[in-house]
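J.: Could you put together the complete structure from these sequences and hints?
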Amino acid sequence: MRKNTFWNLTALLIFIAVIFFLVIPVTRIILGSFQIEEGGAWTLKNYQSFAAYRTYWRSLTNSIGVSLAASVLTILAAVPLAFVVSRWNVAGKSYIIALSTIPLMLPSFICAYSWVILLGRSGIITGFLQSLGVPFTSIYGHGGIIMIFSMQLYPYVFLMTLSGFNSVDESIEEAGRSLGTGPVKTFIKVSMPLVLPSILSGTLLVFMTAIENFGVPMIIGEQRPFLAVQAYMEFTSDIGQHPGMCYAISVVLMLITLSSLMAQRYYLRKRNFIQSARGRPLIKQWHGWRRRLATAYCFGVVLTPLIPFFVAIVISFMEMRGPVIHPNFSLDNYIYAFKHSYRPIFNSYFLATMATLASVLVGVPTGYILTRRRSGIGDVLDLAIMLPFTIAGTVLGIALIVMFNTGILVLTGTWMILALSYTIRKMPFIARSSASILYQLDPSLDEASISLGFSPMKTFFKVTIRLMAAGIVSGAILTWVTTVSELSSTIVLQTPGWSTMTVEMFQGIISGEMGVANAFASILIVSAIVPMLLMMRFVRGERASLF
Amino acid sequence: MAGIRIQEVTKRFGNLVAVNSVGLDIQKGEFFTLLGPSGCGKTTLLRCVAGFLEPEAGHIFFGDRRVDGIPTHKRGVGMVFQNYAVFPHLSVQENVTYGLKARKVGASEQERRSREALAMVQLEGLEHRLPNQLSGGQLQRVAIARALVIEPEVLLMDEPLSNLDAKLRVEMRGEIRQLQKAMGITTIYVTHDQEEALSISDRIAVMDLGNVRQIAEPWEIYTRPADPFIAGFIGSTNMLSVEVLEQKDDHMVAQCSGVLFGVPLLEGIVPGRRIKISIRPEVVDIAAPQDWLPDSHWSLEGRIGRIEYLGSMVKYEADIGDTVKLLVTGYNVEPMNLRRAGDAVRLVYPIKRVLMFAEDAP
Chain H
1 MRKNTFWNLT
11 ALLIFIAVIF
21 FLVIPVTRII
31 LGSFQIEEGG
41 AWTLKNYQSF
51 AAYRTYWRSL
61 TNSIGVSLAA
71 SVLTILAAVP
81 LAFVVSRWNV
91 AGKSYIIALS
101 TIPLMLPSFI
111 CAYSWVILLG
121 RSGIITGFLQ
131 SLGVPFTSIY
141 GHGGIIMIFS
151 MQLYPYVFLM
161 TLSGFNSVDE
171 SIEEAGRSLG
181 TGPVKTFIKV
191 SMPLVLPSIL
201 SGTLLVFMTA
211 IENFGVPMII
221 GEQRPFLAVQ
231 AYMEFTSDIG
241 QHPGMCYAIS
251 VVLMLITLSS
261 LMAQRYYLRK
271 RNFIQSARGR
281 PLIKQWHGWR
291 RRLATAYCFG
301 VVLTPLIPFF
311 VAIVISFMEM
321 RGPVIHPNFS
331 LDNYIYAFKH
341 SYRPIFNSYF
351 LATMATLASV
361 LVGVPTGYIL
371 TRRRSGIGDV
381 LDLAIMLPFT
391 IAGTVLGIAL
401 IVMFNTGILV
411 LTGTWMILAL
421 SYTIRKMPFI
431 ARSSASILYQ
441 LDPSLDEASI
451 SLGFSPMKTF
461 FKVTIRLMAA
471 GIVSGAILTW
481 VTTVSELSST
491 IVLQTPGWST
501 MTVEMFQGII
511 SGEMGVANAF
521 ASILIVSAIV
531 PMLLMMRFVR
541 GERASLF
Chain L
1 MAGIRIQEVT
11 KRFGNLVAVN
21 SVGLDIQKGE
31 FFTLLGPSGC
41 GKTTLLRCVA
51 GFLEPEAGHI
61 FFGDRRVDGI
71 PTHKRGVGMV
81 FQNYAVFPHL
91 SVQENVTYGL
101 KARKVGASEQ
111 ERRSREALAM
121 VQLEGLEHRL
131 PNQLSGGQLQ
141 RVAIARALVI
151 EPEVLLMDEP
161 LSNLDAKLRV
171 EMRGEIRQLQ
181 KAMGITTIYV
191 THDQEEALSI
201 SDRIAVMDLG
211 NVRQIAEPWE
221 IYTRPADPFI
231 AGFIGSTNML
241 SVEVLEQKDD
251 HMVAQCSGVL
261 FGVPLLEGIV
271 PGRRIKISIR
281 PEVVDIAAPQ
291 DWLPDSHWSL
301 EGRIGRIEYL
311 GSMVKYEADI
321 GDTVKLLVTG
331 YNVEPMNLRR
341 AGDAVRLVYP
351 IKRVLMFAED
361 AP
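Chain order of the listed sequences is H and L.
Its first residue numbered 1, the first sequence is counted upward by one per residue in this note's numbering.
Its first residue numbered 1, the second sequence is counted upward by one per residue in this note's numbering.
One thing to keep in mind: the hints can contain errors.
[Said to hold, decoys possible] Stretch by stretch, here's where chain L covers chain H in the computed footprint (C-beta under 8 angstroms, at least three residues):
hint, stretch
1, 443-454
2, 463-472
[Claimed, not checked] Pairs of lysine to any residue, SDA-like flavour, derived with a Cα cap of 25 angstroms:
hint, chain 1, residue 1, chain 2, residue 2
3, L, LYS181, L, SER199
4, H, LYS462, L, SER199
5, H, LYS462, L, ASN132
Worth flagging that the hints you see were computed from the coordinates, not collected in a lab.
Think of the CB as a built atom: it goes at the ideal place given N, C-alpha and C, for glycine as much as any other residue.
T.: Below, the structure written as structure tokens:
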């Protein structure tokens, strides 16, 4: 027995799972896009239709346009904020950072829906504005979608740019200054180029998340076609008639995300500035009104995106009749939601928990293989787990249904297919975050344990896992929180018995049952925020004892 | 406790031959050092002995037991790492008993042995500290105690002192040497620091590009380096390419860019041959013009160029002729004898201390 049998075997199992649950389903989608129907003759007709019909063509331009606009807007909002938080002495920095992460945890369609309550055709603020004579009609349309994406996704750019700005060593800027460039010019010539890769990485995440988003365009897109929505429509309405068209749209969506990811990798390959920050950057000390103004600005930016969630919670305690709000305190919405059925709540929690467990069980060893056992299979695995990042939730859902409808493993209609799709989407995240923890752990710790007599497998459990624990737990909590609020693949995969809170809420919004939607929205918001708070406490406590 | 026999071990990484058919015979209880510049294969060889790497060819024996093919955790090696590798989530005591637990040693026995090991490295009283509460030197002591407490057959140390500051490094190497002798444990020590290697080892193997260039005791490595590479790598030296001009009774005269050097007689070296010679800076003395010189010494006229004053010693660079430069180290130099740049000096050295190598030696 060679000493790394355990890891070779693990790598092989993970590899087979990736092939079976991800590569084959996606391949079938790609192949299917060249057929009119299952098993039909090979043809390019689906793509010809895509180019010929205005609806498809518009879905492409809408999706790309809205996602690009949202990317630009997030840069405009997040980069100045990151600069101020990193370089000025604004008060309450840790609160600003903590508040900024909340929008990422919460479902975007709740955000969209709350803005409808405020700024919809009969929205609270709309009415107020119109009574003042402002010619504002509503949030529906491209502008609204772009605004909601920006508000929800700006943390990606903010957090990455912030760490970029924080890691530009003071001495690098001082070197620029000493060589004769002024502070502004030094910033443009030295600091910005160093931070640019971080900004672009964050922006790519915004773009990819926005383009695969299903809920927001569904709620406030008003029949305007978008790729992620269109794929779902073709799948649900025309099932059995034009599945090929649905696959073709899916392939177009994949091509966009894949090529943007490739472009980013190509760009970053030449710009891997390893920043060994010895000292923190110099922090500009403002006093008096300047400091207060800067602080107010920062809190203004991070609090504004939280307004809709606050509104959703408040409204959930009000009396609703259909879509009409009555300003009386009431628990009716909750009573109705629970009476209606406790199943969606149970389902959401159960599925998220199973998917989180599976993601950790597969993702942590994958991260280990990616960092510590790089050879042959590890390289392929690295590429393979990039795939889920490029596949929209709706597309993955469709792929899984097609794959597991018939054949050796029938999962369609069971809870397992939902858990499976969540696992596929979240496992790479756990694997990546495990890998990044492992990069910081000295490999000689493992070797020390092995040299002292524990086998590689025992060493993994006695040393490696323990040192990774805090990181794994926070990764798992993030996974759980984002899984509970997942909509785009759930909407495709759910069956009556396995409907989730997000699905119920979504259907409530579509059918005008706002009370139920609000109650579920509040439960979802609380489900996201409570684990977050626990995690912050846990991680802080763990750090204190570990480092 | 056992000796270590390394038989023609070869380790490749792709096309790179990191260790090229190396054979070593390390005695029981010996302190054996692998010395060489970075990338010479010394760490790779050590990791083959530890079992973290499997050689492509060759065998490794601990005593009579062949260990290649046996996984690390069953080899019974104690290893000390460059960056300590003390488990950050375990206390000092738990770090030390870690290997005993792997060997299923009883609780009271664990307690006793870890107490002894900690006493040995002078860490009594720190049993319950966590590693983040220890200094670099203390961490390295924990690492040493942890490796020794399991009573390994062989002790492997991979640049254990390179992360410590200069003063602590000197202190610790004395302690390591003492511990190793007291326990009589066969040790392979890897370092790129030639002074450390000279001070600590019973024998040294100098490695370069995957090959062992010389195996010898420290004094021999220094005074009788096998080739110009070793002469240059260990200590500093004046390496000159010269042509032998004539043979005298007890020495020969060689020429380098018009400057004549006295070199010892050596069989096979006859006038007309080109050779490389090495003269250590501390072998050369600065003499007064009127000083009497025995026949065994050679004398050169030169002029002081650069001076580096280091307190306990002074390093001069002297220009001899137009192009030849000679490094000269003076120890215990009295202030009145300090030379200044531009001073004309007479440089003398004992002819027999000149080392000679073939022209084409590396």
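J.: Determine for every hint whether it applies to the structure shown.
T.: Evaluation of the provided hints:
Counting residues of the stretch 443-454 of chain H whose CB falls under 8 angstroms from any CB of chain L gives 10; the rule of at least 3 is met. Counting residues of the stretch 463-472 of chain H whose CB lies closer than 8 angstroms to any CB of chain L gives 3, so the stated coverage by that chain holds, three being the minimum. Simply put, L:LYS181 and L:SER199 have alpha-carbon atoms about 14 angstroms apart, close enough for the 25 angstroms limit, and the pair holds. Between the alpha carbons of H:LYS462 and L:SER199 the distance comes to roughly 38 angstroms, so the proposed pair goes past 25 angstroms and is violated.
Taken as a hint, the H:LYS462 and L:ASN132 pair is honoured in the structure, with Cα atoms around 19 angstroms apart against an allowance of 25 angstroms.
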